[in-house]
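Trainee: Count the sequence shown with numbering that gives the first Met the number 0 and you get residues 0 to 328, in order.
Among the clues, some could well be false.
[What the hints assert, rightly or not] Beta-carbon label-pair distances, calculated as ranges:
1) I76 <-> A150: 46 to 56 angstroms
2) D280 <-> I74: 29 to 39 angstroms
3) A249 <-> S274: 17 to 27 angstroms
4) K251 <-> S171: 23 to 33 angstroms
5) K148 <-> P269: 25 to 35 angstroms
To be clear, the hints were calculated from the coordinates, so they are not data collected in a lab. Being a predicted model, the structure only gives us computed values, none of them experimental. Yeah, the Cβ is synthetic: ideal placement off N, Cα and C, and Gly gets one too.
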Amino acid sequence: MGAINLQRRNFLQKSCTAAGVLASTPAFGYELFESGSTHKAQLYFSYNVDFATSSSLALYMPLPLSLAGQNIASIKIEGNHKDYEIITSDWLKVLKARWEESIASKNLDVIVSVELKHSTAGLDLKDSHQSGKNLLLGDALQNKAHSLKKASLTQEQKALEAFEWVSKNLDSYQGQYISGIRTITSKDNELLLRGENISASSVFVELCRLSGLEAREAFGISLHSQSNLLKVHRDEYSKHQYVRSVVKIADKWVANDVLKAIQARESHNPSLVDSAFKSWDNKWVLLNFSRDIVVDSKHLATLDAIYGEVDGTRLSSYDMEHFKYAMFA
């Protein structure tokens, strides 16, 4: 397999045979302990599948990046796969596992231990001022960006006004991350954004970019304090995917959580709105900043979920009764 090369617009090029979204989950997270401002957490993923006929399979699982104040302490990988490799680039870390055709029942268990002390110091995210590919921008969003661009504001003032505008104009349902193609509308039912795998952070990032600020979505997994092993349907994963953002202000990347600000307004807790503009908490593991990825000439909106192919067919095309999942939550 060829090395990963990052090119303009953060497109990922690699010589691989697998592409397509897998109807599954990359990991579920639970918190182990807290010591001061540092947390230790684990991400757990379990995958089991039985095919009626022999099939070749390749899976690609995004792993947490060792940056932004988090560090991978250990990775444990078990299963009956033929082989695996971990591929790393500046903004992506991916586990690739492959299975032989002769094995009908395929399984994989991955446990990743992560130390968390979130900070955006030292981040270098190039070309992050460009709007996401295949995103439809609503008139209301473009009009607000036009007014921000014309106003005599510092970068911080502009970013803060954009952040507050999104947090005031979206409710928490519209602001949550939902997999698949959908439309995000304002409280006044105006179209703000339409695209795949989008959230309130997507709206904020696009507003910043349209206003002349560099910004990027940060895709990750929310953590939970309990560690019960549960069987879940694949649709439950949307409750664990969580997207935040970063915006560049005076040559420094600032962490943001606009959904947290929306929820703070709904619960009448304005003090949390201010902290959400400039910080991430440690109840979350950052995976990557992957919006608009091309894998083997095939476009992926994001790389925050496992994807793969079975004998050249997307896994999402298979009967879901073939698949079993387990999670910690």
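Trainee: Please name the hints from earlier in the document that this structure breaks, with their numbers sorted from lowest to highest.
Mentor: Number 2 only.
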